[in-house]
Structures are given as C-alpha cells and as structure tokens.
Amino acid sequence: MGSKHKQTLSTLFAARKKRHDKLFFGLVIGAAAYTLLMVGLVGFSVTKGSIDIFSKEGISFLTKSDWNAVEGRESYGAYPYIIGTLLSAAIAMAIGVPVSLAIAIFISEIAPPKIGTALSFLSELLAAVPSIIYGLWALFVFRFWVLDLTEKPLYAAFHGYLPFFAKTPFGLDIFTAGIVLAIMIIPIVSSICREVMRVVPYSQREAAYSLGATRWETVRMSVFPYVKSGIVGASMLGLGRAIGETILVTMIIGNVIGPGAVPTSLFSQGQTLASLVANEFNEASSNLQLSALIALGAILLVLTMVVNIVARILVKKKAKIKSGAQSQ
Amino acid sequence: MTISASKNYSDIVSEIVDKKYRKRKLVNRLVTIGTIVCVIAAIVPLASILLEVVKNGISAISFDFLTQPQGSIGSGGGGVAPAIQGTIIVVGLASAIGTPVGVLTGIYLSEFAKEGFFPNAVRFFNDVLTGLPSIVIGIVGYVTIVLTTGSFSVMAGALSLSIIMMPIVVRVTEETLRIVPYSLREAGHSLGLSKAKITLFIVLPAAKEGILTGIVIAISRIAGETAPLIMTILGTSLFFTGITGPVDALPLRIWRLASQPYESAHSFGWGSALVLILMILALSLGLRLLIQRKSYKPVT
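If you're matching them up, the sequences are chains A and B in order. If you read the first sequence in the working numbering, its first letter stands for residue 1466, the second for the next number, and so on. If you read the second sequence in the working numbering, its first letter stands for residue -1, the second for the next number, and so on.
Hints were generated in silico from the structure; no laboratory data involved. One thing to keep in mind: the hints can contain errors.
For lysine-lysine, the following DSSO-like pairs were computed, each having C-alpha atoms within a straight-line distance of at most 30 Å [claimed, not checked]:
no.: 1; chain 1: B; residue 1: K206; chain 2: A; residue 2: K1482
no.: 2; chain 1: A; residue 1: K1487; chain 2: B; residue 2: K195
no.: 3; chain 1: B; residue 1: K193; chain 2: A; residue 2: K1483
no.: 4; chain 1: B; residue 1: K193; chain 2: A; residue 2: K1482
no.: 5; chain 1: A; residue 1: K1487; chain 2: B; residue 2: K21
no.: 6; chain 1: B; residue 1: K18; chain 2: A; residue 2: K1693
no.: 7; chain 1: A; residue 1: K1693; chain 2: B; residue 2: K112
no.: 8; chain 1: A; residue 1: K1483; chain 2: B; residue 2: K112
no.: 9; chain 1: A; residue 1: K1781; chain 2: B; residue 2: K18
no.: 10; chain 1: B; residue 1: K195; chain 2: A; residue 2: K1482
no.: 11; chain 1: A; residue 1: K1693; chain 2: B; residue 2: K195
Cβ pair distances, simulated, as ranges [said to hold, decoys possible]:
no.: 12; chain 1: A; residue 1: P1577; chain 2: B; residue 2: G284; range: 27 to 33 Å
no.: 13; chain 1: A; residue 1: P1578; chain 2: B; residue 2: G75; range: 35 to 41 Å
no.: 14; chain 1: B; residue 1: P203; chain 2: A; residue 2: K1529; range: 35 to 41 Å
The beta carbon of each residue, even a glycine, is placed where N, CA and C say it ideally should be.
Using the sequences and the hints, build the whole thing.
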C-alpha cells in the first residue's frame, strides 16, 4: 500500500512537471513569435505609411529630384537623397575600412596582449558613445578640424583640376559627414575584423614564420586568405550602419532639399534619406509629405536589409571555420 | 670546384638574400608604423569627445539644471529635468518589454529549437531587425500608435525602442546559453527536474553574467537613440503627463538645443550630453558591482 501511495505521488509529480514544461514552452515560443510579429509590424508600418506616395508617383519617386510641399503643386522625389546616402557612406567606407583593418592587424597580430586588451576596451567605449554625442562633437569641434586641416588644403591644391574638390568648403558637407561616419563605424568594423582574424588557426602563422616570413608577410600570406570574406562582411555591416545613421548626419551634412541636394562635389552640402526624414518629420504639412518621408524610410529599409543579409552570410562563413579551428 | 670558389658563390647568394631581406624588413616596419598611426588616429577622436563633453558639460550642470524644466528660449535659465525624467520613463518601459521577450526568445532558440524552419526564421529575422536603421523602427511607433491614437506618446516611443532592444538581447542570450556546459543540464535531468526548472534555475544563473552584460549594452544603446523618438515621443519642454502623451528625452533635447543659435543652448546641450553619458556609465558600473557581488561560476 506504501508503494501504491508512492506511485500516485510520482504520477502527480510527473503531471506537474509536464504542466510546468508546457507552460514554459508556451512562454518561450510566444516570445519568439512576438519577435517575428515585430518584424511583420515593421514591414506593415513602412508599407502602409508609404503607399500613398508610391500610388501617386509610382516608381518615378526613385528618380525624381523635386521636393515641393506647396499645396496643389506637391511633388516628391528621392533621387538626391539616395545619391547623398550612397556618397557619404562611400566616403565612410573608403576611410573607415582601411583604418579598421590596420587597427585589427595591430591588435591581433602586433601588439602585446596587454595593449591589445586595453585597445579593445577603448573601442568598446567608443562604440557605447551615443551617436547624438558624436553629432554634438562633430558640429561644434570636429568640423573645424576637417575644414582647416583637410578641406581647405585639398581645395587649395586641387580645385582647378579635380571636380570633387571644386566647391568652396564650408565644413558642413558630405565630406565631413563621411569622415564622422567613418569614425563611428571604426570600432564596430575593427572589432569584427579582429574576431575573424583571431579565428585563423595559429599553425597557419607558424608555417609562414618557419619559412622565414616577416610579420607583414605572415599576415598577408597566411591570415588574409582566411579572413577575406569575413573582412568584406565586417565592412558591409559597417556600411549598413553608415547608410542608416540618422541624427549624426542630420547635424553636419548641411541639409539641402530638392534638385540642389544632388551633390556636385565632395564639399557640397547634401542630404541623406535618413537625415531628411529626421529634419522634416515634425514639420510635414500634408499627409502626402509624411507618406513621402516614410517612403524614404522604406528605401532605407530595403537598402540596409540587402547590405546586412549579404554581410551576415559572409561573416557566418567564417564562423564555420571557427569551430574546426578550435577543436584542433 | 675549389673550396674558395664555393665560398665566393655562397657569399654572392647571401648578399642578394640580405639585400632582399632588408627590403622585406623595411616593408614590415612601414606596415607596423602604419597600423600604429591608424590606432592613434582612432584614439584621438575618442579622447576629444570625452574631453569636450566633460569640459563643456561640467560648467552647465547645476542643481537647477537637474531639477527644473527649461526656461524661456535663449535665456539660459532652468534645466533639462523633463528630459532626464522622460529618458528614464521611456527607456524603462522599453526595457520592461524588450528584456523579457528578448531573454525568452533567446532561451527558445538555445534550449528548445536549435534547428528547424521556425527557429531559423526567428534567427534570420532577428538578424535583419538588428541591422535596421533606428529611424525605420521609429516609423513603426508612428504608424501603429501615433496615427491610431492621434497623439505622440510615451507608448509609441517605448514600442519603437523595445524593437531596437529585443534583437540585441536575443542574440546575447542565445550565444551565452550555448556556452553553458551540457553537463549542468544533464545534472538537472538526472534529478528529475522539469525543463522549465532546469532552464530557469540552473542554466540561466550560470549564464547570468553574459546575459546581464548584453541587457546593459542594449539599454545603453536605446538610451542614446534619437531618431525614432522624433517620430514617437515628439519632445516637449514639460514633465511627464501620462503614457498616452508626449514627453521629452535627453538625446532629443541635445539635438534641439544644438540647432538653436544661442550660446546658452549649446552649453545646455553639452550638459545634457554629460548627463546622458554619466547615466549610461552608471548603468554599466552598477552591473559590474552586481556581478562582482554575487558572481556564480559554473564548474566545467
């Protein structure tokens, strides 16, 4: 009779265990479904918000340069801002990627571990600074450095022959925005580059050293081939950031609207997709204008999504080597 | 072949090798110097940012600055108290949504469904969400809440910020839980515990440190967001009136102050920036203390 009692008790426990597990599973799968729901909500909101302008302007919204909010003559086009976004991001990449790569090489291949750790900590600190503070600093401090130390000399030296430097520099322009974006993406890009380089099995480097290679040759011949796609992926993640950054760019790019926003030189004042949304959102005078602004967001969404998906695929490829390398 | 001739020959060879080696060494040295220059170039902005924020911010901060609403424009009186309050409320509310959902989703991905269509979809779209610009996520708060309720509101801001936060927490939780040794879970199973209990009382505490760090990173990230707030909480110069009304936030206030033409406004902007940085710093220092006090290290 004792055993019978035991049995009922254990079935009771088993039932409770099952109930707990069911409840818990419901909870976690509910949370997972909620994240998916939020993704859906993003898609829905952006589509719903931009449907007005796309049904009025159609695909020509992407190629037109007007931005006219006057009632009765409303006409909107995203072309100058797409160009502005791509150009400022391109400058950011051109400066940010080589510097990030150099920093990653220094930390993972050259520096003694202690300095490497300290630098990693600093770059984490830099990554934690909100972009609004970068913006404040860029607006009141850094733009004068850019103006005096790079733009004016470049203008003086090249404005006669090279069209990209053919505009009197002012400090608040696409060039400055690109440089500050570069500063902003360096911590992220360099830390991912560092991670992928760390994954390269040490035996690869030893093989190169044993053949008498110098440190640079070792990096070039036995580290780079392994991490190429990882570096491209890291750069593209940085590109995604640079394309989508809003407030920082809004503060320093000069904010012009309409056909004049198509940049004619690196020192042109410009506008990006994100910065125009930030600038005009609270001052939009009609629903069509709001819809046009949300449509700029839609373009941004598609652009960053493509860039990020490609980037993740490239970085993930590297992660597969990781497990093999560690199990050695 | 005589001995002297062979010596001569090897001399020539070693000379050529030496010459080449010198050049290779030079290239190596140049690259090393180049990388060091890049490191310094990256440190200079950080130093300058911190220096300027502290230098310009400290003179703006006073008791009034932290407790009073803004005075009339350009006068330099008053403070940014509504912005501090607003940041705490909006970020707090967003974290209250984002943290549990993020941690539970991370648990689902790591403990319940490693492979399969649904978890892979969750993982993929989570990554997509991480990469979206925050201004795009601001549109969600605007279209779903501001347009339907007819008012800019704390709710809309908290919804948007929670969407920015979630994917970061999901990722960190999943990755940290994966590192917890399997033997811990087996020990739980051998005691006949339910999976819920194993996960909540064994696996999660073992991964506490990493998950908390991830949560703090996510909170710091959303505390500094400006763009989505423009479209959701609007920013007022008044204190909090309710979650269905607009409110101010520090990043938004900094942006507005920086675009005013007054010296006093700029000074307030730097002061707000210092307060924001200190709040974020306090958060991560608080975390460090918490972790140090009751650190639990799994035996592997």
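Okay, which hints does this one fail, numbers in order? Hints 5, 9, 11, 13 and 14 not satisfied by this model.
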